[in-house]
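Mind docking chain A on chain R? Use the hints.
Chains R and A supply the protein sequences, listed in that same order.
Quick note on numbering: this note's numbering labels position 61 of the first sequence as 61, and the sequence is numbered without any gaps.
The number in this note's numbering is simply the position in the second sequence, starting from 1, with 177 added.
One or more of the hints may lead you astray.
No more than 20 Å apart at the CA atoms, straight line, and that leaves these computed lysine to aspartate or glutamate pairs for DMTMM-like [said to hold, decoys possible]: (1) R:K156 x A:D841; (2) R:K10 x A:E386; (3) A:K803 x A:D841; (4) A:K409 x R:E150; (5) R:K157 x A:D389; (6) A:K803 x R:D42; (7) R:K137 x A:D720; (8) A:K677 x A:E282; (9) R:K161 x A:D389; (10) A:K390 x R:D42; (11) R:K10 x A:E374; (12) A:K661 x A:E225; (13) R:K159 x A:D841; (14) A:K409 x R:E49; (15) A:K872 x A:D841; (16) A:K803 x R:E49; (17) R:K10 x A:D389.
Read the hints as simulated data drawn from the structure, not as lab findings.
All of these numbers come straight from a predicted model, not from anything done at the bench.
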Amino acid sequence: MRYAMAIDTKKCVGCSDCVVACQTENLVPHGYARDWIVEVTDGTYPQLELEYRSERCNHCDNAPCVRCCPTGASFISEGGIVKVEHDKCIGCGACITACPYDARFVHPEGYVDKCTFCDHRLEQGQDPACVAVCPTKCLYFGDMDDPNSEVSLVVKKRKFKTLIPEAGTEPQLYFLI
Amino acid sequence: MFANNNKQTKVVPKGPFKLPSDFSRTPTYCEVCFWKCAGWIYKNDKGEVQKIIGNDDDPNSNGRFCPRGTGGVGMYYDEDRLKTPLIRVTDKYGNQTFEKASWEEALGLISKRLQKVIDVHGSECIALFTHGSGGKYFGNLVKSLGSHNIAAPSYAQCRGPREVGFIATFGDGLSSPEPTDIRDTRCLVLIGSHIGENMHNGQVQEMSEAIDKGATIITVDPRFSTAASKSKFWLPIKPATDMALLLAWMNVIIEEDLYDRKYVEKYTYGFGQLKAHVKSMTPEWAYGITTIKPDVIRATAREMAHASPAVIVHPGRHVTWYGDDTQRLRAVAMLNALLGSWGRRGGFYIPDKAKVPGVPHPPYAKPTRTWRDAMKGKYELADLALANGVCDATIPDASLGCSIKAWIVNGTNLVTTLPETEKTIAAIKSLEFIAVIDTMPMEITGYADVVLPECTYIERYDSLRVTQHREPTITLRMPAVEPKYDSKPAWWMAKQLANKMGKGDYFPFDSIEEELDWQLKEVGSSLEEMQRIGVKNLKRPYDDLYFKDDEDIEFNTNTGKIELYSTSLEEYGFDPMPKYTAHPEPPEGYYRLIYGRAPMHTFSRTANNPNLTDLMHENVVWVNPKVAKEWGFVNNQEIYLQNQDGAIATFPIKIRVTERIRWDSVYMVHGFGHANRKLSRAYGKGASDSELITKVMMDPIMGGTGMRGNFVTFLTSKPVKEEAKS
Chain R
1 MRYAMAIDTK KCVGCSDCVV ACQTENLVPH GYARDWIVEV TDGTYPQLEL
51 EYRSERCNHC DNAPCVRCCP TGASFISEGG IVKVEHDKCI GCGACITACP
101 YDARFVHPEG YVDKCTFCDH RLEQGQDPAC VAVCPTKCLY FGDMDDPNSE
151 VSLVVKKRKF KTLIPEAGTE PQLYFLI
Chain A
178 MFANNNKQTK VVPKGPFKLP SDFSRTPTYC EVCFWKCAGW IYKNDKGEVQ
228 KIIGNDDDPN SNGRFCPRGT GGVGMYYDED RLKTPLIRVT DKYGNQTFEK
278 ASWEEALGLI SKRLQKVIDV HGSECIALFT HGSGGKYFGN LVKSLGSHNI
328 AAPSYAQCRG PREVGFIATF GDGLSSPEPT DIRDTRCLVL IGSHIGENMH
378 NGQVQEMSEA IDKGATIITV DPRFSTAASK SKFWLPIKPA TDMALLLAWM
428 NVIIEEDLYD RKYVEKYTYG FGQLKAHVKS MTPEWAYGIT TIKPDVIRAT
478 AREMAHASPA VIVHPGRHVT WYGDDTQRLR AVAMLNALLG SWGRRGGFYI
528 PDKAKVPGVP HPPYAKPTRT WRDAMKGKYE LADLALANGV CDATIPDASL
578 GCSIKAWIVN GTNLVTTLPE TEKTIAAIKS LEFIAVIDTM PMEITGYADV
628 VLPECTYIER YDSLRVTQHR EPTITLRMPA VEPKYDSKPA WWMAKQLANK
678 MGKGDYFPFD SIEEELDWQL KEVGSSLEEM QRIGVKNLKR PYDDLYFKDD
728 EDIEFNTNTG KIELYSTSLE EYGFDPMPKY TAHPEPPEGY YRLIYGRAPM
778 HTFSRTANNP NLTDLMHENV VWVNPKVAKE WGFVNNQEIY LQNQDGAIAT
828 FPIKIRVTER IRWDSVYMVH GFGHANRKLS RAYGKGASDS ELITKVMMDP
878 IMGGTGMRGN FVTFLTSKPV KEEAKS
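Chain R extracted, bound-state conformation:
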């Protein structure tokens, strides 16, 4: 089992529904977010290109946040999901510095918080909240170890990129381009 997500930038309209759905699902306090939108414009009017990316934790195979955690609060859970055990976390912020994707933040209650791929929903057989809500269906989620899963198939079929591959983190978000 290896959970991964593919994000179709050709369909994403950057509406932020994924952000607010995550906030209401996971009770993320106002002013904080576990996922976010990046908009990149390239070119000069009228020769232009625009890319929207719905971004979140890359749930890296080689996760620097886990390696640098002094208390073992950051760990890799079942299916490769990178998680934080709130009780063990001292909020030192080493993981925040180590993460090249800026995917973590200190929750007002003192621990570091981040995307969990909504593992509480996965247990119920549901998709993560962001995937379930997306009006453009641009988010694909599933098991990369299963060659017939939707996410495996779409990554096989389409051209994709990962973010900051040079950091060697082996990220598990695939941006379809």
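Then chain A, alone, in the frame of chain R:
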């Protein structure tokens, strides 16, 4: 079951009806925008509202809400909400303030003041402005009193010209949601419509599906919109010249014999006249006007024809731009007719709608006058009331018998919704009475004599949603929780007022649960069933989603055909076929003000929503880098906007330097720059485009208010008014 007319009735449901607390999830339909997506409100284990998720059986949302709908919980939790009825009082120093009042006091005062207006001036001197679900109940109240002055700004400030243009062509308007068959289209043409930034949910979803299926998208926009970025062809048109492009497209399609000949011959009237009319309107002619190259105009016309009939030249929604909007939308309709897309798969499907009986009531008295009398014969083709017309009919005019003397305003912030704010305020000042019903302390509440706090859609029942779609459905909204604070639902308020004014017969049920249950049983369902399922598909009785091959069809026009040459417009003295008219251009140092939507906000009503301000808390003004360089502006610099008439927006706005906008225009998202301090998150955030729309280009056909003829320049600081004291 029926209430005694003069007695107060109970709000608490009796007998078999369950209470909100009996459910962990309750059905609703969204009230953030007009798409009205059906969903479920989920509560946590403490019984508190947590989240809203789409209902899988709903054709409007397909189980997926947009960001505004998902963030709708913020409307319920917003601590700035109106909490109690308020009455305007003058204190001992002569200052006017609001004082908290009981419902009995507030409703008593409203009924007394309305009755006075009726007694002195006549019942026709009452008007209702409404937007949203409460309108049905307040409309019933106002009609029962004997007035038909009921207007929604969603018509003359938004989609009105589109309805009139399509009715003149096909004999039918589009209504909502528009029956665009985007999921099966092979070519989608957007002309000034920014799907993806406007989150018209079903259309956003289907556009994405069309992208997956490889459909061609053609976007015409002076701004590199989100949709433009998904398009095979983006036509960065010079603003205000769309009509020339539409006419040139028709020229190519006719001259190159690309039109659907069989369809045009069988169903349309006036093809010969149209052919002669557009003969000279070549792509070369349009190039000089639109700045779009002739080969691009030809290539895009061929692309549409290649996909025909699975092609949609999208009618858009907010189409009140330059005053010739009905004619522009006529051109859109005619282009669709040439391509044979109306009534065809991948074009426009034929919608169906459930037939639910209305609540029985005595007949309404026929008013002797309406707002139309103040129009003196103008705008007769308007098929709904004009909000600006009702506003005009309020300003006293000696040549008219009576001007409107009392307003009821429900769910629409008229001072920002209607253009020409000063005129709106002048109208309000000439009123004898104004009552405002809202959930939030919007600017309009500041002008009220009485303010009534409505509970949010999360806390109330409303009328059933009966909207058109591929399949006819009915949808229930029920409260998830009891109303917060001392707020009440519209149904209850309108019924109380009707009782007090001797019109209780028009609200024959004791409770809304009984009313809904009666209606639902008439269509073979029940309140109990709808509380469980939320959405019920009543099934289309016939297989008539599209025209059949060679089917004989009688269109609802004078000729019974699709009118390329409009006999009804000719009859009223208007051009039977659209013509290009040049519109004013920005003077030196000014830029055309284009406004639009962001996906996480709607109207001006979401700017204080805590969940949605988290996603976007202010608007910015888009400025092309060339323009920024000329002015020496950098990103995020705050400036003030001033328009051609010297109007300056109250609050500064940050500059976004971006290649995504033409150099002759600026762009900002509508709905920001709120001036009421009681909106703690929205106050002073960004600037209000409404304040800069002082020039209105009236549509002579139906009275729409064209708002894209305003030009702005930049001020680096706000001029201070000189005051001399001696």
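Broken hints, numbered, in rising order? Numbers 1, 4, 7, 10 and 13, in rising order.
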